[in-house]
Structure formats: C-alpha cells, structure tokens
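Protein chains in written order, with our numbering: chain A, 1 to 316; chain B, 1001 to 1079.
Quick caveat, the hints were computed from the structure, so don't treat them as lab data.
Any given hint could turn out to be false.
[To be verified] Here are some chain A residues the structure puts well away from chain B; computed CB gaps all over 12 Å:
#1 L92
#2 V288
#3 S299
#4 T306
[Unchecked claim] Under 10 Å between C-beta atoms, here's a sample of chain A residues computed to sit facing chain B:
#5 P55
#6 T82
#7 E98
#8 G100
#9 G170
#10 E174
#11 E185
#12 W189
#13 N190
#14 P242
#15 S278
Note that this is a predicted model, so its numbers are computed, not measured.
Using N, Cα and C, we set each Cβ at its ideal position, and we do this for glycine too.
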Amino acid sequence: MLKAFASYMTFDLLGLDRGSSLGPALEFFIYDTIKIFLLLSVIIFVISVIRSYFPPEKTRRILSHKKVFMGNILAALLGIVTPFCSCSAVPLFIGFVEAGVPLGVTFSFLISSPMVNEVAVVLLWGMFGWKIAAIYMGTGLLVAVFAGLIIGKLKLEKWVEEYVYKFHSGLSHEIMKQTFKERLEHAKWNTADILKRVWLFVVLAIGIGGFIHGYVPQDFLARYAGSGNPFAVPLAVALGVPLYSNAAGVIPIVYALMEKGLSTGTVLAFMMAGTALSLPEMIILRKVLKLQLLAVFVSIMTVTITAVGYVFNAIL
Amino acid sequence: MDIKVLGPGCANCHKMEELARSAVKELGIDAKVEKISDIQEIMRYTISTPGLVVNGRLKHSGKPLPGLEKVKELIQTEV
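In isolation and in its complexed conformation, chain A is listed as follows (with noise of 0.2 Å):
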C-alpha cells in the first residue's frame, strides 16, 4: 500500500517520467521516508512503555549477587530495556557494585545499554531490512555477554577506583510509581523528542541513499572497500570510535556506504564501535575505573568487534 502511495505521488501527482533517474529516486525516497517513520514512532513508543517497568533501581536489584554467566545474559538483555542516559553511568556504576552486582556482569550491562539501543535497530531494521537489524541486535548482545565475562574472568576489581567501595548511599534509593496512563503519556511524549531530534538526520540518510541509487555505480565502494579487502573492517572500527555522535547521525554515512557495495560485516563493525565505544563515554568512566581497566575494556572490545565484522564478512 505505501508503495503504491509512493507512486501514485511520483508518476501522477507530480508527473515524473518512469524512465529518468529522478523519478525512481523520488519515488524510493518517499517509500522509505513514510516507512521508516511509521516504524521509528511505533517501535519507539513501545520500547518506551516497556523501559518505564525498568528504572535503573529495579535492574539493580534484579542483577544483585548474581552469578557469572546468567547474570551477564540478563545484564546484556537488561540493558536494552533500562533507559540510561550515559551522564549517570557513573552512580549508576557505583551504586551497581554497592549492591553487590560482579564487576564483569556490570560491564555487560554498561556495553549492550548504548550499543543495542532502539534508535540504531529500528533504523537498521527501515533502511536495511529486519535480518540486518536482528543481526546487530543479537551480536551487539553476544558482545555484551562475552566482553562482560572475560572482564569478570580477569578479576579486574583492583583497578576500579577504590572510593568506589568505600560508597555507602544506603541502597534505599526508591523506585518512582506511575500509573499506566502516565507511562502512555510519557511514552508518546517521549516519541515525538526522540523524533525530533532524529528526523533531519533521517530524512538526509534516505535523500543520500534515494540520490546515490539512481546516479552513483551499485560497485563503486565493493571494489575499494568490499570484504575482499582484509583493511576494510580495522578501518571502520577506528573511524567509528571518532566519528559517532548518536545513532542518527551515523546512519546516512552508513547508508551511503552500504548502498555502495560496503559489505555488511564492516558497516556493522562501524556501528558498533561508534556505539559502545564513544570518547565522552570513555572520560565519564574514568571517573570510576583505573586507566589499566579502561585500557583492558577499550582492548577487548575493539578486538571483538573486529572479529565481529570479519566473521560476517565471511559468511554474508
């Protein structure tokens, strides 16, 4: 139905010829404007109602005293639901290891929390498709799980500040009560800042894509940066890290990128390093680990990652 929408607008609204470049590519651009909005408001209003069961406070507590292993799959999961906001990553730090959360079942949580958030899968899922989305989602939880426990193996605690044990706030901090029409209203509302915020961004990404479908080679990147070249995949990790603002940002240059003949292992190496690794993020946790930590977390996580994009290449 929205692709009939799309052009009946093209052809007969506005008369464009079928056979010329601009036709198709306007025609693409309003099919993928409608769509990937519709899916950003609903997926995001749902995952708002959800998240407002999830208050940092109750993950806590469900992640208390848990064990290695079970206690990092939950985090990783937990850490989709719970809204975060990486200002608080450091209370939130230190009031998970006040209650007694493992260090390694911590940094689970603190690794899936940015990199599997809503904004990047429901983007993922509009421009390329649900397999790309669900992909990232799962692997970016594979990630979470397995760089947690390694950092848990290691028995890194020497290295997180020691005035983080010495913090005693009680743990009675409460959990705010909301009724359901409140957590509907807080969840609409929400939507329409996150859209917002994201739109122009959006917008760009299918003008640039719609654009380069129609004028740009399908192989012009696959033949510099396609999964033959061993390069490919080291680059976009680094490039990532820099280069990341949100989830929204990113997109159209990986739009354009991936339309181009980038291969699918090293766009989502590209956005899983811009996630889980940004430099604001990096100097907030300073505050609570040693440069040593940070150093071993910042290691596991680009070698991973790396691995994570050479692995789909390979099979994609």
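Assemble the complex: chain A is given as a structure, and chain B must be docked to it using the hints.
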C-alpha cells in the same frame, strides 16, 4: 521552596535544569533552583540522572526527561 537538579553535567542534565527554571518562572513561585553535580549528594536520592528533587523529595529520575508541563505539575505537588 527548594529545588535541586541532580546531574554530573551532560546535555540532558542541562536541559533538566532549564526545565526547572522555566517551570519556576512560569508558575511565578518563589523557589531556589540549585544544580547538584556531586556524586555523593546525587546518590542520596538516585542512581539515575538527571534527577529533580523538590523540598527534599525525589520527583523525577533518569531518562526520558519530563516535558515542561509535567515539571510544573511535579513542582506544584509540593507547593
């Protein structure tokens, strides 16, 4: 009235502070808005910032931020 905005200082925390100040102004009440960035002090109330504390009671914590109308409502419950 005593209003505290809890946050170590990211974009969301600044927005929360602006919201609190605008709400106070629009409500035309006499209130002191204070930004708290000390972790020890923040953690007396919550582990998820940004937070809003009115007269010592936690009224909001974490993401997503409330809208201006909601902030006005939260403040008014303590008037």
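| said: Quick check on A/N190 please, does its C-beta sit within 10 Å of some C-beta on chain B? | reply: With a closest approach of 4 Å, the A/N190 hint holds.
| request: With a cut-off of 10 Å on the beta carbons, see whether A/P55 makes it to chain B. | output: Since the shortest Cβ distance to chain B is 6 Å, the answer is holds.
| Does the claim that A/L92 lies off the interface hold, with its Cβ farther than 12 Å from every Cβ of chain B? | violated, 5 Å
| Verdict on A/S299 as a residue remote from chain B, using beta-carbon distances over 12 Å | holds, 26 Å
| Does A/G170 pass the interface check with chain B, least Cβ-Cβ distance below 10 Å? | Because about 8 Å separates A/G170 from the closest Cβ in chain B, which is inside the 10 Å limit, the hint holds.
| request: Would you settle whether the hint for A/E174 is holds or violated, based on the nearest Cβ-Cβ distance to chain B being less than 10 Å? | output: At about 6 Å, which falls below the 10 Å cut-off, the nearest Cβ of chain B leaves the hint on A/E174 intact, so it holds.
| query | Is the hint on A/G100 kept, meaning its closest Cβ partner in chain B is under 10 Å away? | reply | violated, 14 Å
| Beyond 12 Å from every chain B Cβ - status for A/T306 | holds, 29 Å
| query | Should the hint that A/E98 touches chain B count as held when the rule is a Cβ pair under 10 Å? | reply | holds, 9 Å
| Any CB of chain B closer than 10 Å to the CB of A/T82? | holds, 9 Å
| At a threshold of 10 Å, is the proposed contact between A/S278 and chain B supported by beta-carbon distances? | violated, 12 Å
| field | A/V288 and chain B, when compared Cβ to Cβ, separated by more than 12 Å | value | violated, 9 Å
Against the hints set out earlier in the document, violations occur for numbers 1, 2, 8, 14 and 15.
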